[in-house]
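Protein chains: 2
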Amino acid sequence: MDNSDFKGKNILIVGLGLMGCSFADAFRDLYPQKIYGFDINKEITNYAQQKGLIDEGLTKINSAILGECDFVMICLYLDDAVQFICKNMDGFKKGCIITDIVGVKRKIVSSVQEVLRDDIDYIPGHPMAGKERQGFGYADKKIFKGKNYILTPTKFNKSDNVDYLEKIIKAIGFENVVYTDPEKHDEKIAFTSQLCHVIASSMVDINVDDDISNYEGGSFQDMTRIAMINSKMWSELFIANKDKLVNVLDNFLTSIESFKMLIEKEDPKLIDKLDIIKKSRESL
Amino acid sequence: MDNSDFKGKNILIVGLGLMGCSFADAFRDLYPQKIYGFDINKEITNYAQQKGLIDEGLTKINSAILGECDFVMICLYLDDAVQFICKNMDGFKKGCIITDIVGVKRKIVSSVQEVLRDDIDYIPGHPMAGKERQGFGYADKKIFKGKNYILTPTKFNKSDNVDYLEKIIKAIGFENVVYTDPEKHDEKIAFTSQLCHVIASSMVDINVDDDISNYEGGSFQDMTRIAMINSKMWSELFIANKDKLVNVLDNFLTSIESFKMLIEKEDPKLIDKLDIIKKSRESL
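Chains A and B, in that order, give the protein sequences.
Quick note: the first sequence, position 39, residue 39 per UniProt numbering, numbers continuous.
Quick note: the second sequence, position 187, residue 187 per UniProt numbering, numbers continuous.
These aren't lab readings, by the way, just hints derived from the structure by calculation.
Any given hint might turn out to be false.
Stated by the list, open to error - Label-pair distances were calculated between CB atoms; the ranges are:
#1 A:D275 x B:Y138: 17 to 23 Å
#2 B:N214 x A:K142: 17 to 23 Å
#3 B:D272 x A:T59: 24 to 30 Å
#4 A:K51 x B:Q221: 42 to 48 Å
#5 B:E56 x A:D250: 30 to 36 Å
#6 B:K142 x A:N46: 46 to 52 Å
#7 A:Y138 x B:E56: 53 to 59 Å
#8 A:D119 x B:Q221: 38 to 44 Å
#9 A:N247 x B:Q113: 45 to 51 Å
Even for Gly, the Cβ is constructed at its ideal location relative to N, Cα and C.
Model the full structure from these sequences, guided by the hints.
Below you can see the structure in the form of structure tokens.
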């Protein structure tokens, strides 16, 4: 596997939501032999097939088909993804690559590692792309353009396979492939992504007005757009990363408290603090 | 005064920063007789004159010129704006309109009201437009396009003058003129604008990384852009509105705390809460 395409390869996409269908849309450009799409919802597999995103839809996993797939992309929520991989471990094709898109990595990596066969390569990943809207109807390969994709390979991965996955990721539009380990991934993500989602949700939570749009210059709308999140998926991710996220939330609460104090006391140090922050943000 | 232009009128813009120069740029299209620009910094008045934003720059207020101006736009920070209006009260032209752009309204309205002459019309305003970058070099009339402009007229204002100001505001690109009183303005702004700025600043405050951009999908950059604020101006505005802002910060802290609790306890109510918030944000 050393070209950045899927020529002669069978692909299986597991879970045909926004992300699964967007990957199907993007993978089509890489000349796969066949794209199979699995989803428990028959309406969704029919839709994906009609739209030409997949060649064949499955609502149950068939071991003959699973045994043919060279590349398996798991686009399920955390617990479902773990369950799917573990339950089907015996069925995967010898030498296949399995990857996933779950937004926190420690739990899935350790759970899969426990049952992983030696002759298949599971490379954990996290594409930093998406949409506020959920569901296959919003699928679009353009959401990957210019984005980051984090990989947390393990010592068991073949470096050829990791290189191949990086080429595929870049071929479908991602700009930057970042390598780290699950521990560091989950720590960073607690700050850059999960904190943002909790803040946006809290801002909407405390809003008592419906005419807010008359009184704003855009900041409020911009900052709360990501409050329209997939509640079930994000709750699962927040809880799976709760040690890191609670730590970040504590730091954030302390900082807001300290601003509140400076404002209450009309402390001139407020200007210095904002000045330092301004310079720090400018340098990012 | 019933046309939406400045034909035959002398305009004075006080303070030639980002906003003052952007207004000068926009006012030029309304056929003013003459635009005077006041700034204590000679370099800035020279720049504005060279760029054709103003016809004549002043670094000191000359009572002959002040007595000629039909429309005075005060683009100074809060305390400077109050001081300028109060100090020059005797010099303004009989019948002139004065307006300001200060981001909190209770303090300036009550301070000016105390010394206001009966024969001039002070109409307080707040354009909800700006840029993260400050200074005349970033001035651009396009920043007003499609934005909100809040006016908090008093019982002393002539309705013809208020109507005229609304026409001027719309003529330079603002889409929506919203009327309210200083009390309600300051309450709304504490939430829609000041809270956003404190949050963005806190997020940057607790960041310990310089490779943050590798680990994000855009939310962090988007939410912290407004942390690059004008420290002196915003400190003054936060403090002038501290009762309202501290109240909003308390509500926000309580909401973040409650999210933290739900996450720590792995409480399934987290999903319901996020679901309600999602629907509430979608309806905005």
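Hint by hint, here is what the structure shows:
no., hint, result
1, A:D275 x B:Y138: 17 to 23 Å, "18 Å, holds"
2, B:N214 x A:K142: 17 to 23 Å, "22 Å, holds"
3, B:D272 x A:T59: 24 to 30 Å, "29 Å, holds"
4, A:K51 x B:Q221: 42 to 48 Å, "32 Å, violated"
5, B:E56 x A:D250: 30 to 36 Å, "56 Å, violated"
6, B:K142 x A:N46: 46 to 52 Å, "47 Å, holds"
7, A:Y138 x B:E56: 53 to 59 Å, "55 Å, holds"
8, A:D119 x B:Q221: 38 to 44 Å, "42 Å, holds"
9, A:N247 x B:Q113: 45 to 51 Å, "50 Å, holds"
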